[in-house]
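Engineer: With the hints as extra help, turn the sequences into a complete structure.
So you can see what is in the structure, the chains are spelled out below.
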Amino acid sequence: MSAVASGGARAPRTATTLAAYYGLLLKTQLSPARVLGIAALGAVSILLGVLTRFDADSAQASADAVGAYGLGLALPLATLWLGTLVLGDLVEDRLLVYLWLKPVARWQLPLAAVLATATLVVPLMVLPIAVTPLVAGAPEVVPAAFLAAALAALAYSGIFVAAGLWFRRAAWWGLAFVLLWENALAYLAEGFSRFTVVGWAGAVLEGASDVSAPVDAGSLAAGVVVLVAVAVAGWLVAVVRYRRGELD
Amino acid sequence: MSAQPTVVAEGVSKWFGQLVAVSDVSFDVGPGVTALLGPNGAGKSTMFRMLCGLAQPSKGTVRVLGRDPRLDVGVTRAIGLVPQQETVFERLTGREFVALAARLHGLGEPEREAERALETVGLDPADPRPLPAYSKGMRQRAKVAQAIVHDPQVLVLDEPLTGLDPRQRVDLVALFRRLGEEGRCVIVSSHVLAEVERLGSRVLVMSQGRLAAAGDFHDLRALMDDRPLRVRVRTDRPRELAGALLERGAVLGLRLDGDDSLELDTADARALARALAPVARDRGARLLEVRQLDADLEGVFRYVVEQ
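Sequence order for the protein chains is A and B. Numbered continuously in my numbering, the first sequence closes out at residue 248. Numbered continuously in my numbering, the second sequence closes out at residue 307.
What the hints contain is simulated information worked out from the structure, not anything from laboratory work. Some hints could be false.
[As the list claims (entries may be wrong)] Using C-beta positions, here's what the derived DEER-type ranges look like:
{"no.": "1", "chain 1": "A", "residue 1": "189", "chain 2": "B", "residue 2": "136", "range": "51 to 57 Å"}
{"no.": "2", "chain 1": "A", "residue 1": "180", "chain 2": "B", "residue 2": "174", "range": "23 to 29 Å"}
{"no.": "3", "chain 1": "A", "residue 1": "27", "chain 2": "B", "residue 2": "66", "range": "18 to 24 Å"}
{"no.": "4", "chain 1": "A", "residue 1": "19", "chain 2": "B", "residue 2": "66", "range": "54 to 60 Å"}
{"no.": "5", "chain 1": "A", "residue 1": "23", "chain 2": "B", "residue 2": "58", "range": "35 to 41 Å"}
{"no.": "6", "chain 1": "B", "residue 1": "174", "chain 2": "A", "residue 2": "243", "range": "37 to 43 Å"}
{"no.": "7", "chain 1": "A", "residue 1": "243", "chain 2": "B", "residue 2": "194", "range": "36 to 42 Å"}
{"no.": "8", "chain 1": "B", "residue 1": "174", "chain 2": "A", "residue 2": "94", "range": "25 to 31 Å"}
[What the hints assert, rightly or not] According to the in silico footprint, chain B covers these stretches of chain A (three or more CB under 8 Å from chain B):
{"no.": "9", "segment": "13 to 19"}
{"no.": "10", "segment": "92 to 105"}
This one's a predicted model, so the numbers in the text were calculated from it and none came from an experiment. Glycine included, each C-beta is placed from N, C-alpha and C at the ideal position.
Structural biologist: Here it is in structure tokens:
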């Protein structure tokens, strides 16, 4: 090693450090078990599309499958699995110290975690959801399904990355959130869908196509704004925790 | 003490609910190697976490190069940490692990810097195995490599010699000493006295969350050498044995413990050992057990704290 050089070191470039975090998190998340598990959830969505092909109104039937199963259950579960673990694993394994003790702005790691989660969820879950109307014989619904699923994936990524940093047993909290908040309450409590991701994803699905979604919280434009805002809010909440939390 | 301390802790306390991990600790450390010595649970790792900004002191302040490591992200550029935990990134090779640290520190040629750091700690940069496939000693050296890759001014090493074989220990101790001689502030924690002796002369001793002693290792060593040893003897005639040992002046003091035990204080364990058997034979006492107490490091620290 040479003589002390840290005094003259330059601040690392944002693009470099963000890419380093992103690449690491992608690598640590890609385990065969996770890929196979999430791909199985995606395969069920496509299977539902095949079954709805025989429905008289296959477009509406496929939209029901996309809304109820894809957006309401499979997508949040897949994102929950990846999102809570992307940083939660590092906390549990006490590895976060290697990323925290660096001259890097604290907003970067949570952002990389949200992006890495969304990056994995898109091919493994969003694409199968988007393909569901196609195999059902309703290709006109594909763009709306893709847009709704992609935005919902982003929103869920923000929520679950934050949960992974805030809660010790984030997966269980997340599971309760998906089943009770995003499903039971969204469907059963009148007006509650406005407070759910699945409600606004349904709004995008409905607004961008000629089908109706199982739950719908408002207009297409509002849906896009709210889902992006939820993702950003989740990221910011994660940043707050990352900045203030104490590390082992 | 250095004229311009690199690391300063002032009245630092840290508690978790009712548990006080660190209590009112103050010290300053300058360039060179300083050993933070203490038994397990003394609060060394908690102190290190606060020095690196990983934890906020409940009370008091920590400054590294005059800056708050908790709030000032920029000061982390000057800090290298080898944490105590053994976990490593499962999917990274040693080279990827160290290059990641180099990238996050903004080094211009992260791969080359990683190679250099790995070679410095005696690891092969071309080793294609992931870190979990490394031996414990190799993983430990990889952790040291990631801590020094950016030439930090302050190096915080939490039990860095754990798991290393004697040869590796010698090499790393030499490296730490060299880094200290080059002007870096190297703080090394250990619960092994012999390790500390080789690391350098300045020591901070922590016990039960408090700073028990600070200063030159050789003074501490002398203090410990003067420490009376405590020996427990179980026998069927403790009173007779006690009287005879006091008569012969073989002990500094003693205490009867129950019906069959004695606790003896002696400055010369060998003299006591020589005296004990003949005295017991003369008094017709059977020696059921002879055991040295306070031989562990905890006992040593307790003695130091009492002084």
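Engineer: Compare the structure with the hints numbered earlier in the document and write down the numbers of the violated ones, lowest to highest.
Structural biologist: 2, 3, 4
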